[in-house]
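If you're matching them up, the sequences are chains A and B in order.
Per my numbering, the first sequence runs over residues 1 to 173.
Per my numbering, the second sequence runs over residues 174 to 346.
Everything labelled a hint here was simulated from the structure, so no lab data went into it.
Check before you lean on any hint, since a few could be wrong.
[To be verified] Quick partial rundown of chain A residues pointing at chain B, CB under 7 Å, derived from the structure:
1) Gln60
2) Thr63
3) Arg72
4) Ala105
5) Leu125
6) Leu128
[As the list claims (entries may be wrong)] Now the stretches of chain A that chain B is said to cover, found in silico as 3 or more residues with beta-carbon under 8 Å:
7) 79 to 90
8) 93 to 101
9) 109 to 123
10) 133 to 142
[As the list claims (entries may be wrong)] Label-pair restraints from in silico Cβ distances:
11) A:Arg82 to B:His303: 29 to 37 Å
12) A:Gly162 to B:Asp202: 47 to 55 Å
13) B:His303 to A:Ile139: 25 to 33 Å
14) B:Arg250 to A:Gly159: 27 to 35 Å
15) B:Glu230 to A:Gly159: 38 to 46 Å
16) A:Ser124 to B:Arg255: 18 to 26 Å
17) B:Leu333 to A:Gly162: 50 to 58 Å
Every value quoted in this text rests on a predicted model; they were computed, and no experiment measured them.
Using N, Cα and C, we set each Cβ at its ideal position, and we do this for glycine too.
2 protein chains.
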Amino acid sequence: MQWVVHDAAGRDLASDADYMDLALRIAQDAGTKGEVPIGAVVVHEGEVVAFAANRRERDQDPTAHAEILALRQAGQRLGSWRLNDCTLYVTLEPCPMCMGAAINARLGRLAFACRDPKAGAAVSLYALGHDDRLNHRMIVSEGARREVASSLLSRFFAGLRGGDGSLDPGQAA
Amino acid sequence: MQWVVHDAAGRDLASDADYMDLALRIAQDAGTKGEVPIGAVVVHEGEVVAFAANRRERDQDPTAHAEILALRQAGQRLGSWRLNDCTLYVTLEPCPMCMGAAINARLGRLAFACRDPKAGAAVSLYALGHDDRLNHRMIVSEGARREVASSLLSRFFAGLRGGDGSLDPGQAA
Numbered sequence: 001m002q003w004v005v006h007d008a009a010g011r012d013l014a015s016d017a018d019y020m021d022l023a024l025r026i027a028q029d030a031g032t033k034g035e036v037p038i039g040a041v042v043v044h045e046g047e048v049v050a051f052a053a054n055r056r057e058r059d060q061d062p063t064a065h066a067e068i069l070a071l072r073q074a075g076q077r078l079g080s081w082r083l084n085d086c087t088l089y090v091t092l093e094p095c096p097m098c099m100g101a102a103i104n105a106r107l108g109r110l111a112f113a114c115r116d117p118k119a120g121a122a123v124s125l126y127a128l129g130h131d132d133r134l135n136h137r138m139i140v141s142e143g144a145r146r147e148v149a150s151s152l153l154s155r156f157f158a159g160l161r162g163g164d165g166s167l168d169p170g171q172a173a
Numbered sequence: 174m175q176w177v178v179h180d181a182a183g184r185d186l187a188s189d190a191d192y193m194d195l196a197l198r199i200a201q202d203a204g205t206k207g208e209v210p211i212g213a214v215v216v217h218e219g220e221v222v223a224f225a226a227n228r229r230e231r232d233q234d235p236t237a238h239a240e241i242l243a244l245r246q247a248g249q250r251l252g253s254w255r256l257n258d259c260t261l262y263v264t265l266e267p268c269p270m271c272m273g274a275a276i277n278a279r280l281g282r283l284a285f286a287c288r289d290p291k292a293g294a295a296v297s298l299y300a301l302g303h304d305d306r307l308n309h310r311m312i313v314s315e316g317a318r319r320e321v322a323s324s325l326l327s328r329f330f331a332g333l334r335g336g337d338g339s340l341d342p343g344q345a346a
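Generate the whole structure from the sequences, applying the supplied hints.
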């Protein structure tokens, strides 16, 4: 798939909200397949080079979070594990595993939609993207499509739990 | 591969050092292929159910640390992403990504050989396996075959840097 929005001079005309909308569509699709609905997209110079949803249940793979799958795919697509010039869009704040993966990938920028107070490692429990002791730091942006992303997760967990409506991605993630 | 050491009653007779020796052999092999020599083994009820080496360079995959590959393989082999009854043996203290993966896998026990002062997230920079705010905690053991593991990494980096002998896995990991 190519998903490019730019003008004739190659300038990127898509906004964070546009890319997050794509991640949300991918997340929503995963939710219909019984996965916690989380989606991720990697953008390099205005082009989507990777996108993935959470596949933990389908693959019985503890590492199959959307971010891990998208970062791996981006490395393959770009022919390098170094993703300094990439932005990772993800619908939920990454857990320690996924923030660690972003650091290992030397990711340029992370943009997430809503926070995860139970397991978030970008701003909530840890700020792994800004630890001067580690060998990489990144730009972290939050809030694009926050309400839509939060509501998607709330509805998913409400459905699982018979309608209490509580947002508890940490317990399932 | 099966690598089982037990008596007629099925009791596990292998020690941490035995499993770490296996991880070290896997690490050493990766080193000869230009990868930072780190190896991991997952043991379930006395049986090796997964083993992997770091493949970052070969796969150009920022997530292809030995632990991630071994945990994924263990999930596939056991048919479940929940690895509560497993021990992960790894020759170097895991980074934040790999500690996060162990938490996501609900890993029962982690055993690592030598510490990584630059990126270790089990005891050095973070103690992610013992954070009461996260939804899983694990037993963490260290030190089996510490000197062998440390020397393997030192020799690898000395070779890369023309012989200064400094151990600096963090910069390459």
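*Of all the hints given earlier, name the ones this structure violates by number, lowest first.*
Violated hints: none at all, because every hint is consistent with the structure.
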